[in-house]
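Peer 1: Chains as they are written, first to last, in this note's numbering: chain S, 135 to 451; chain R, 49 to 405.
Errors might be hidden in some of the hints.
Straight-line alpha carbon distances no greater than 27 Å define the calculated DSS-like cross-link-like pairs of lysine-lysine that follow [as the list claims (entries may be wrong)]:
no.: 1; chain 1: R; residue 1: Lys-139; chain 2: R; residue 2: Lys-93
no.: 2; chain 1: R; residue 1: Lys-377; chain 2: S; residue 2: Lys-205
no.: 3; chain 1: R; residue 1: Lys-93; chain 2: S; residue 2: Lys-155
no.: 4; chain 1: R; residue 1: Lys-139; chain 2: R; residue 2: Lys-245
no.: 5; chain 1: R; residue 1: Lys-65; chain 2: R; residue 2: Lys-349
no.: 6; chain 1: R; residue 1: Lys-143; chain 2: S; residue 2: Lys-392
no.: 7; chain 1: R; residue 1: Lys-93; chain 2: S; residue 2: Lys-174
no.: 8; chain 1: S; residue 1: Lys-174; chain 2: R; residue 2: Lys-245
no.: 9; chain 1: S; residue 1: Lys-392; chain 2: R; residue 2: Lys-93
In case anyone wonders, no lab produced these hints; they're calculated from the structure. Computed from a predicted structure; not experimentally measured.
As a plain string of letters, each chain reads:
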Amino acid sequence: MKDIERNDLELISEHSDISEKELQQSLEDFIYPDQDSWAKFIRIVLLTLGVGFMAAGIVFFFAYNWDELDKFIKLGIVQGLVILVTILSLTLKIDLLYKNIILTATSLLVGVMFAVFGQVYQTGANAYDFFFAWTVFISLWVFISNFPPLWLLYLGLGNLTIYLYWEQVARNWDFIYLTAGLFVLNASILLICTWIQKQKKGEIPTYFTNTIAIAAAIWSVYSNLYWILDGRGTEAPVIIAATCLFYGLGLWYAIKEKSIFYMGLIPFSIIIIISGAIIKGIEDDAGFLLISVFIIASVSFVIWNLIQMQRRKNHGK
Amino acid sequence: MENKNTIQSIFDTIQNKIGRELRVNISGIETSVNDDRNSQSLTIKVLSIIGGILSSLAFCLFLTLGSIDKSQTAMYILSGIFFMTSIWMNKKYDKVILDTISVCLYLIGYVAFGIGFYLGKGDPLYVQLLYMLFATITLLISKSYILTFISILMINGACIAIFFEIENIDLVHALVVVIAFICIYFTFNEAKFMKIKAIGGKRYLAIRTGLTLSLLTCLYFVGRSTYMDRNWIFNWVSSGFLILMVMWLINCLLNRFHCEDIGKKILVFIVVLVCLGFTAMTPAISGSLLLLLLSFKVNYKTGIALGIIGFIYFIGMFYYDLNISLLHKSIAMFVSGAFFILLYLMIFKKSNSHEKA
Numbered sequence: 135m136k137d138i139e140r141n142d143l144e145l146i147s148e149h150s151d152i153s154e155k156e157l158q159q160s161l162e163d164f165i166y167p168d169q170d171s172w173a174k175f176i177r178i179v180l181l182t183l184g185v186g187f188m189a190a191g192i193v194f195f196f197a198y199n200w201d202e203l204d205k206f207i208k209l210g211i212v213q214g215l216v217i218l219v220t221i222l223s224l225t226l227k228i229d230l231l232y233k234n235i236i237l238t239a240t241s242l243l244v245g246v247m248f249a250v251f252g253q254v255y256q257t258g259a260n261a262y263d264f265f266f267a268w269t270v271f272i273s274l275w276v277f278i279s280n281f282p283p284l285w286l287l288y289l290g291l292g293n294l295t296i297y298l299y300w301e302q303v304a305r306n307w308d309f310i311y312l313t314a315g316l317f318v319l320n321a322s323i324l325l326i327c328t329w330i331q332k333q334k335k336g337e338i339p340t341y342f343t344n345t346i347a348i349a350a351a352i353w354s355v356y357s358n359l360y361w362i363l364d365g366r367g368t369e370a371p372v373i374i375a376a377t378c379l380f381y382g383l384g385l386w387y388a389i390k391e392k393s394i395f396y397m398g399l400i401p402f403s404i405i406i407i408i409s410g411a412i413i414k415g416i417e418d419d420a421g422f423l424l425i426s427v428f429i430i431a432s433v434s435f436v437i438w439n440l441i442q443m444q445r446r447k448n449h450g451k
Numbered sequence: 049m050e051n052k053n054t055i056q057s058i059f060d061t062i063q064n065k066i067g068r069e070l071r072v073n074i075s076g077i078e079t080s081v082n083d084d085r086n087s088q089s090l091t092i093k094v095l096s097i098i099g100g101i102l103s104s105l106a107f108c109l110f111l112t113l114g115s116i117d118k119s120q121t122a123m124y125i126l127s128g129i130f131f132m133t134s135i136w137m138n139k140k141y142d143k144v145i146l147d148t149i150s151v152c153l154y155l156i157g158y159v160a161f162g163i164g165f166y167l168g169k170g171d172p173l174y175v176q177l178l179y180m181l182f183a184t185i186t187l188l189i190s191k192s193y194i195l196t197f198i199s200i201l202m203i204n205g206a207c208i209a210i211f212f213e214i215e216n217i218d219l220v221h222a223l224v225v226v227i228a229f230i231c232i233y234f235t236f237n238e239a240k241f242m243k244i245k246a247i248g249g250k251r252y253l254a255i256r257t258g259l260t261l262s263l264l265t266c267l268y269f270v271g272r273s274t275y276m277d278r279n280w281i282f283n284w285v286s287s288g289f290l291i292l293m294v295m296w297l298i299n300c301l302l303n304r305f306h307c308e309d310i311g312k313k314i315l316v317f318i319v320v321l322v323c324l325g326f327t328a329m330t331p332a333i334s335g336s337l338l339l340l341l342l343s344f345k346v347n348y349k350t351g352i353a354l355g356i357i358g359f360i361y362f363i364g365m366f367y368y369d370l371n372i373s374l375l376h377k378s379i380a381m382f383v384s385g386a387f388f389i390l391l392y393l394m395i396f397k398k399s400n401s402h403e404k405a
């Protein structure tokens, strides 16, 4: 039997003689968290606040003593902390979840370590190699722990490193290469994650794949709008091909798996891209009226399609 | 609820729990299950709202670039038509597919009215008051999910704009307390509101989401020293109310889980009072904690996510704004961290040893 959801109680409340008191009781029994969930919640909150505040306190302590400290001491203390926290995560007899939380905190400390390094040797706090080193040196923990939030941090750092490399080193590359590159990169990672999930080679939470999908969609919209509005005919075929490939795969997957999220995200991205094309095509105020009508009509159509899909899913068709 | 078997099994479970047989209108449930509001996921809600906003933005650009926004009368007429069409459409056909157009028309209604008023060189204060009036009327006459949500945000936004207009932004403190109180009332009486036909079901959820976002917006304003006079008395008073609400909520939870040990209760209250007392100069911290606890209490996931984001942000801003040296900030943070770890060890090691015994 499926779990009772709030939606079910709403329907029962509307179509039965259940009293207010009985409904409240049902909400408390089936929907609201029980004592164990509260205990887990308080446990996570206290541990996160404790570790978070202590780590922040240490960072602020360095900031205060900055000028007086010798560079070896500065680096040594942070590196010592990284080692200490890693050992703690290995030796403490606690749940794997908490160990992974500690390892994520250690990965953040690696960032602090490189920030200290950057300031001692005057390389700047936002140098691309700082983020690159941060990404490289937490790789092992990311692969071993396989902890989704740590993976998200890793992918975020990867994106940021590439962006900063373009900004600081590869300025001669056109911006369109960066946006298209990040689109293909994120979409490929999403593809791999979906494959892993389908092959049952690992458990990947939905929020993780959804976050990567949103990142890929943003970069794809960006690169497409860029070539449309800037009239970049040379780069257009590659971007169009990549968009068709990944959007096509995404839509195929969405139809096959009846995924409301992908079936909403991909058509919405297409709507934005077409709106950009309308602006470019009709370069006067009537274009905006057309866009307004187009967005309403197309989004309503997408929503209608999503409702149909949801219904088919609910009826097991 | 997907099919007859599922409906029946859910009924059986609930009937077993409440200990009596329910009189049920099965055909009514089947009709509601097939209603598109029942299949509305978060993706659909987000699409409706973003689609509506983008479309109204494009329309406003059209008005501006086409110089159509030069006639005051035309703007008022346009605004009236759009408002009425939007409300009528939602009242007559409460369909998810019409949400985007409805949001778009409703928002353009406000913008067109604002442009008209601006052309007539009206006092901005009256525009805000009228916006609030329109939103309240919408709330009263419309049964729509999406317009209810937008109206609540509109009322809250208009209130804050009025406080800025009359140059008395400290009034946001009062607004925070009022919204927090309404949030508690709504959360604690979920069953009561579900049973009220005009508010129940999806509309209740829209009101709750609107209130949650409104509370966070107000907390943002009271949390940012840029917007507030450094009049500490307002911070302390609103913090006082919010801390009392947090303590009352904790008391309700302790009672729910049958904690009758007075000593334990007093200890919990002292710990909460000490922790939040130190942050009394930033009511946003106790406010976001209240939101987090309230949302967790009723398993409201959007509220939990917003509460966590708010809590982390306001704690960060609290330390950032503190007018003490980095060394003192460092000590304060380290001591706070050690205190929470100690608390964790005290609570959970003790309970583990009890379990083992």
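Peer 1: Assess, step by step, whether the Cα of Lys-93/R is no farther than 27 Å from the Cα of Lys-174/S, and give holds or violated.
Peer 2: It is violated: about 31 Å lies between the C-alpha atoms, which goes past 27 Å.
Peer 1: Hey, Lys-65/R versus Lys-349/R, does the alpha-carbon distance stay inside 27 Å?
Peer 2: holds, 25 Å
Peer 1: Within 27 Å, alpha carbon to alpha carbon, are Lys-392/S and Lys-93/R?
Peer 2: Satisfied, since the Cα-Cα distance of roughly 18 Å is no more than 27 Å.
Peer 1: Are the Cα atoms of Lys-93/R and Lys-155/S separated by 27 Å or less?
Peer 2: violated, 31 Å
Peer 1: Does Lys-245/R sit within 27 Å of Lys-174/S, going by the straight-line distance between their CA atoms?
Peer 2: violated, 36 Å
Peer 1: Check whether the Cα positions of Lys-139/R and Lys-93/R lie no farther apart than 27 Å.
Peer 2: holds, 18 Å
Peer 1: Given the hinted pair Lys-139/R and Lys-245/R, is their alpha-carbon gap at most 27 Å?
Peer 2: holds, 15 Å
Peer 1: Assess, step by step, whether the Cα of Lys-143/R is no farther than 27 Å from the Cα of Lys-392/S, and give holds or violated.
Peer 2: Status holds; Cα separation ~21 Å.
Peer 1: Taking only the CA atoms, is the gap from Lys-377/R to Lys-205/S under or equal to 27 Å?
Peer 2: holds, 23 Å
The structure fails hints 3, 7 and 8 (numbered hints given earlier, in ascending order).
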